[in-house]
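Trainee: Here's the letter readout for the chains.
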Amino acid sequence: MITRTSYYKAQRFWGLYRQCIRRNRGYFVLTTLIGILFFPLQFFFTVTNPRFHENSVWLLAPSQLHTAVSSIIFPLLVMLFPFILSLMNVKYMHNKMAVDTYHALPVTREALLLVNLSATITITGACVVINYLLTMLLKVIYLPGTYTAYAVGMAFWEIFSFLVVQLAIIAIVGFVAVCVGNVFENFVFSGILLVFAPICLAMTTGFMDSYLLGFSTESFIKGEDILLFSPITMLYRSGLFESLFGVRPISGQQAGVPNLVGVLIWLVIAAALLVVACLIYSHRKSEAAGQNDTKGVLAIAIKLIVSFIAAGIFGAIFSSVYDSSRGMFVFGVCIGTLIVYFIAEVILARGFKTILKAAPIGVGTMMLYGILAALLVTGGAGYQQRVPAVDQVASVVINYPDRFVHGSYHKDNYSTYTDQSGNLKKNYFANYDVELTSPEAIEIVQKFHQSAIQYMEPDFYGGTYDEYSARSTVQISLEYRLKSGGKLVRSYSSIPVEALAALMELDVNEEYQQKTNPIFHIGPEDIETISIRNRIGEETLLLKKVDQAFAKALLEALRADIQAETLSDITSPASPDFGSISLTLQDTPDDNGVFYQQAYAIIGSGYENTIRVLQQNGYSDALEIDADQVKLVYCEYYNTMYGRISGNILTMFSHGGVSEKFYDMPAAEREKYYRSQYQSEKEYYYVVESQADIQALLSSCRNQMDFRGGAILCYFETEDDMIPYPVLLPYNLAPASVQLNFKDAYRDEMGYLLHGQSWYREKETVTAELA
Amino acid sequence: MIKATELTKNFDEYIALDKLNLQIDKGSLYGLVGTNGSGKSTLLRLISGVYYPDGGTIEIDGAQVFENIPLKDRVFFLSDDLYFLPQCTMNDMAAFYRSVYSGWSDEKFKNYLLHLPLDPKKRISTFSKGMKRQAGLLFALSCQPDVMLLDEAFDGLDPVVRGAFKKVIAEEMADREMTVLVSSHNLRELEDMCDHVGVLHKGKVMLDKEIDELKLGFCKVQAAFKPMVDPVKLEKLEILQMDQTGSLLNLIIKGNRASVLSYLQTLDPIFCEAVPLTLEEVFIHEMEAIGYDYKNILL
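Top to bottom, those sequences are chains A and B.
Just so you know, numbering that gives the first Met the number 0 puts 661 at position 662 of the first sequence, and the rest follows in order with no gaps.
Just so you know, numbering that gives the first Met the number 0 puts 262 at position 263 of the second sequence, and the rest follows in order with no gaps.
Don't read these hints as lab results, they were simulated from the structure.
Careful: at least some of the hints might be erroneous.
Unchecked claim - Now the in silico label distances, taken between C-beta atoms and shown as ranges: (1) A:F351 <-> B:G155: 36 to 46 Å; (2) B:K253 <-> A:V345: 33 to 43 Å; (3) A:L367 <-> B:K2: 32 to 42 Å; (4) A:V274 <-> B:G54: 28 to 38 Å; (5) B:N185 <-> A:F351: 33 to 43 Å; (6) A:V260 <-> B:K2: 53 to 63 Å.
Every value quoted in this text rests on a predicted model; they were computed, and no experiment measured them.
No residue lacks a Cβ here, since even glycine has one placed at the ideal position from N, Cα and C.
Could you build all of it, start to finish, from the sequences and the hints given here?
Mentor: Structure below.
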């Protein structure tokens, strides 16, 4: 029932709303014109540019409406306009004279606030809508026939995202407005609240990343998810402009599609903030208008926030000036907190009168941040050292890929991209996480964990390493799921080679093999092609039509041989391997949505079952080599100093083949190419042409090995110009001429592995040790 | 009826209103006087619902004012510091008030405009101080409130316009039983329009009386004696103030005018007559009577 009171309530609301819209019509015209200048007009300039039709200028964003200029400027304007207008429309509550007029009106304060904020979103939202519609119209006119339903849908989705961002900005300004007494504080506090969360979060996780061994931001929060903590950065997180800002889409989301969750979260936050603002406003004292606030909850929160940010900046500066000193980091944090807290106090109080009263909180804040910083740089109160006992662990998830880097894929874990023809393409993300539950596997992981701490903690100094020893490029994340129900998550990168060695055991652990190696998961029907290479890396057989019976037998044989393998069979094979098998697989997900794309196996000397199946099916010839066919061998020293270590076990698949282009080059060019492609120093490569040495290489080469004894990559070039995979030559098995050539490289490598970067100081010792 | 009971308002440490009690009858024109900082504007803001009391209650017709929308629809508060929407004209402001006050009368607005030198299409920000005051009063009257609260509303108005507004207010009061509360620090301004006066000092009502009642209790007499009358004979009168210039005596005496004149006639004056008392003179003596030095409170 519409009562007289409710009728007047609604009438007053809409009456004031219309008034507010009328009052701001100049702002609307101005902002819309500015928007047109930086969006539809930019679109027009772009599509009428001859280069656009030569495909050298592209349209951006999912809607395919944005240009390089508009995709940067327009979002900024879209965020700036509501910020300014909402400040203007709520400033009445910060003006004593205006408050006398507004608060005496027969309108509730909630209604007053909502009227002004509604008018703001109407005006700024209309600016967005008009600009989009104009640009869409231009697209219809100038690019007829190119408009897909997807792009139209995305245009409306972008509009919706922009409106939510604007609403969130307006809600924050409205919330701050009812908490403070003047426009300056509203401006500053709103600005800080709009951006503080991602800054503080990124800063905190960044410092934890730097100072806490084992902590990884990625294991705590995804880097791009930090952007969700502000409506401003959320806009970029949403994927609207990822083509320019390089924001990675969330798993399962289409690339370039705004993040629904992020947008909806901010819609809810904005609504909640408006409700809270209305509640606060209904009890707000009118006399607060024009007052400075240094003691209010929001003012104190702002002082804590700015001093926190300053603490981080000062800590980083002091620390970097004094060689990443942890003590100086803490000192910088204390100094930064104190200085900025009191500067904020003076600014908010417009003078020094309150500084003494503020001193206890300022000093308390400094002590709090100082203690937190001290805890951080001293190992996080035992955080770094904690390794759970095996019997406490129910399972452990580790992202360690096996030596073939077998990854699994999930049907929902992909991003999409639009190619030049406007077709959507899928790009699946590989998963290397494996959950291990057997005590044996957990123990291997736990030993690695202890080893990582043992090797890394002494050198871990302000996030860097004092004496940079030989480290891998591998990042290992561990998640222990404890029997008590808790979790312990750690992540290590730049892991020393010696620490990483502990994980080699996983390659021959039954549970790990069965969970990571596709050969244990696929059936014969999943196999698309089978490629067999001999031990010098030549592809000698490629089966595109696979006999199911053969495939079944091959898989069973491989499973049996893989399970029978020992660690030494992999790391230091006593005799040359027979060759390798690679399988390309169909993208058919299993019941859990998981599928694989490739599977590899090296047919070691102990792979009797596999050899038998190949012989039975007449494919054993594929493993043979014709020594006479080999013209020469390019040898390259496997130098870890160039940051190549992705695991301790090298396989012939670790480096891929040489490009076809290489073999098309004249011989004279090859050396130049080789030098530029691989190493600059001649001592790191060598061409073997003597038949005696080639024969020696043929019998010494392996398809897999632990590189720590010194490894040489060999590219066998044959008469038929087949493109080989590089195979591996253990330094100690190399012919004398090859060893001689790589003598210095070997010394450097061993020095580096044994003594890290300080090996130059130990040069004589290393030379003596090797001698 | 406006009723304040134990009304208290603090601004941090400062007590603006201190357990103030006040009652203003419907249809009366109440003058509120007091020095700067005595609490006049604070009281008006509390009555209009701009402020929320820290203690006590403020009611209009038995209902609390703060956030009481139906009640506030009947109240108009014209602040001492006038505020108009930025860059707006009289017509814009009229539209603004029209949208919120159910009692708004376009007819009255146009009618008042005819008699005032205000251009409704011109920006109010270009008006002089006096013209802005006129505009404020015009909007207040056009809203036809039952309770009109005017804070120093006549400051800056020329006597002609002031007289005109007083006349209009009197008519509105007569027609609609409108209650008007006018604050001022100038007693003379209120003297000829208020029927009731209250004096605020340090957040409290020092005096609250009808003007007629106030004036009836005092009489001012000019009398000439030759020779001068024996002062002892005057002791029978309750003289509050006596000035002598030659043979002329100016007396302010507490008591009934007729009986005072009658007594003075017995003392054989050359002439003796009663003269009108100003409100200020009444206040001086009334306040002194209750133990306050008037000069410290007013003017």
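Trainee: Run every hint past the structure and note whether it holds.
Mentor: Comparing the hints with the structure gives:
The supplied range of 36 to 46 Å is met by F351 of chain A and G155 of chain B, whose beta-carbon atoms lie about 39 Å from each other. Between K253 of chain B and V345 of chain A the beta carbons are some 60 Å apart, a value that contradicts the proposed interval 33 to 43 Å. At roughly 51 Å, the beta carbons of L367 of chain A and K2 of chain B sit outside the given window of 32 to 42 Å. Take V274 of chain A and G54 of chain B: their Cβ atoms lie about 29 Å apart, and the range 28 to 38 Å holds.
For the pair N185 of chain B and F351 of chain A, the beta carbons lie near 40 Å from each other, so the given range of 33 to 43 Å is met. In this structure, V260 of chain A and K2 of chain B meet the distance hint of 53 to 63 Å, their C-beta atoms being roughly 56 Å apart.
Consistency with the previously given hints fails for numbers 2 and 3, ordered from lowest to highest.
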